[in-house]
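Go by the hints and put chain Z onto chain P.
Residue numbers (this note's numbering), protein chains in the order written: chain P, 5 to 117; chain Z, 375 to 484.
Keep in mind that the hints are not guaranteed to be accurate.
In silico lysine-lysine, BS3-like type, Cα no more than 30 Å apart, as pairs [stated by the list, open to error]:
#1 P:K15 - Z:K416
#2 Z:K476 - Z:K442
#3 P:K19 - Z:K445
#4 P:K82 - Z:K476
#5 Z:K416 - P:K82
#6 Z:K471 - Z:K430
#7 P:K75 - P:K15
#8 P:K15 - Z:K471
#9 Z:K445 - P:K82
#10 P:K66 - Z:K442
#11 P:K15 - Z:K476
#12 P:K20 - Z:K416
#13 Z:K430 - Z:K476
#14 P:K66 - Z:K476
#15 P:K19 - Z:K476
#16 P:K66 - P:K82
#17 P:K66 - P:K19
#18 Z:K442 - P:K75
#19 Z:K430 - Z:K416
#20 Z:K416 - Z:K476
#21 P:K66 - Z:K416
#22 P:K19 - P:K82
#23 Z:K416 - Z:K471
#24 Z:K430 - Z:K445
#25 Z:K471 - Z:K442
#26 P:K82 - P:K15
#27 P:K20 - P:K82
#28 Z:K471 - Z:K445
#29 Z:K430 - Z:K442
#30 P:K20 - P:K66
#31 P:K75 - Z:K471
#32 P:K66 - P:K15
#33 Z:K476 - Z:K445
These aren't lab readings, by the way, just hints derived from the structure by calculation.
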Amino acid sequence: EAGVVQSPRYKIIEKKQPVAFWCNPISGHNTLYWYLQNLGQGPELLIRYENEEAVDDSQLPKDRFSAERLKGVDSTLKIQPAELGDSAVYLCASSWGQNNEQFFGPGTRLTVL
Amino acid sequence: GESVGLHLPTLSVQEGDNSIINCAYSNSASDYFIWYKQESGKGPQFIIDIRSNMDKRQGQRVTVLLNKTVKHLSLQIAATQPGDSAVYFCAERGDDKIIFGKGTRLHILP
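In isolation and in its complexed conformation, chain P is listed as follows:
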């Protein structure tokens, strides 16, 4: 069974440019999460979806970050414009329901120059 798929794996952009990350969760998982992970730190939740509804986006910096999960399956996280401080690993995870085990993808490592 395929795990959580993320692309791209690496992205290097200049500051003020836009960037988008894509995630395909495990088939059948209705809950999808986007996390930010800075170097040496644990993941921090950005947004959680239950099917196509964003049920917790309290930690998402909405001035520059946006996310969508239009059909309740795959999801896109966008940053526009990117800042130097956005350099980090962006992790996607999915689960069957909020209280079940989360399965993480490999992440997208973003470098903003």
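Then chain Z, alone, in the frame of chain P:
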């Protein structure tokens, strides 16, 4: 605010010895705790979990201990192997949200 932390950023253990990784949490209302393993270039991987109504849970080569009195969580790995080399995170669930600690990097010495 709520936070979960680990006592040591790195831990070096001789191959074959037992490893103990510690974690302190601050939210006494948290009802569920998880240990994750993260290898280089990969996302965190679930190892073992424990609910707040338990104080010990065992898996294959791993044991999690929970001390609610002092809000302390530990992960014990028996007979540490080279494949155990990774960063280990504890996490707690409070207010319907999983909060991760900072991580301990486990080095295996030959």
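A quick look at each hint next to the structure:
{"no.": "1", "hint": "P:K15 - Z:K416", "in the structure": "holds (16 Å)"}
{"no.": "2", "hint": "Z:K476 - Z:K442", "in the structure": "holds (20 Å)"}
{"no.": "3", "hint": "P:K19 - Z:K445", "in the structure": "violated (42 Å)"}
{"no.": "4", "hint": "P:K82 - Z:K476", "in the structure": "holds (25 Å)"}
{"no.": "5", "hint": "Z:K416 - P:K82", "in the structure": "holds (21 Å)"}
{"no.": "6", "hint": "Z:K471 - Z:K430", "in the structure": "holds (23 Å)"}
{"no.": "7", "hint": "P:K75 - P:K15", "in the structure": "holds (26 Å)"}
{"no.": "8", "hint": "P:K15 - Z:K471", "in the structure": "holds (28 Å)"}
{"no.": "9", "hint": "Z:K445 - P:K82", "in the structure": "violated (38 Å)"}
{"no.": "10", "hint": "P:K66 - Z:K442", "in the structure": "violated (37 Å)"}
{"no.": "11", "hint": "P:K15 - Z:K476", "in the structure": "holds (24 Å)"}
{"no.": "12", "hint": "P:K20 - Z:K416", "in the structure": "holds (28 Å)"}
{"no.": "13", "hint": "Z:K430 - Z:K476", "in the structure": "holds (22 Å)"}
{"no.": "14", "hint": "P:K66 - Z:K476", "in the structure": "holds (25 Å)"}
{"no.": "15", "hint": "P:K19 - Z:K476", "in the structure": "holds (27 Å)"}
{"no.": "16", "hint": "P:K66 - P:K82", "in the structure": "holds (10 Å)"}
{"no.": "17", "hint": "P:K66 - P:K19", "in the structure": "holds (18 Å)"}
{"no.": "18", "hint": "Z:K442 - P:K75", "in the structure": "violated (42 Å)"}
{"no.": "19", "hint": "Z:K430 - Z:K416", "in the structure": "holds (28 Å)"}
{"no.": "20", "hint": "Z:K416 - Z:K476", "in the structure": "holds (16 Å)"}
{"no.": "21", "hint": "P:K66 - Z:K416", "in the structure": "holds (27 Å)"}
{"no.": "22", "hint": "P:K19 - P:K82", "in the structure": "holds (14 Å)"}
{"no.": "23", "hint": "Z:K416 - Z:K471", "in the structure": "holds (22 Å)"}
{"no.": "24", "hint": "Z:K430 - Z:K445", "in the structure": "holds (14 Å)"}
{"no.": "25", "hint": "Z:K471 - Z:K442", "in the structure": "holds (19 Å)"}
{"no.": "26", "hint": "P:K82 - P:K15", "in the structure": "holds (13 Å)"}
{"no.": "27", "hint": "P:K20 - P:K82", "in the structure": "holds (13 Å)"}
{"no.": "28", "hint": "Z:K471 - Z:K445", "in the structure": "holds (18 Å)"}
{"no.": "29", "hint": "Z:K430 - Z:K442", "in the structure": "holds (11 Å)"}
{"no.": "30", "hint": "P:K20 - P:K66", "in the structure": "holds (16 Å)"}
{"no.": "31", "hint": "P:K75 - Z:K471", "in the structure": "holds (24 Å)"}
{"no.": "32", "hint": "P:K66 - P:K15", "in the structure": "holds (21 Å)"}
{"no.": "33", "hint": "Z:K476 - Z:K445", "in the structure": "holds (16 Å)"}
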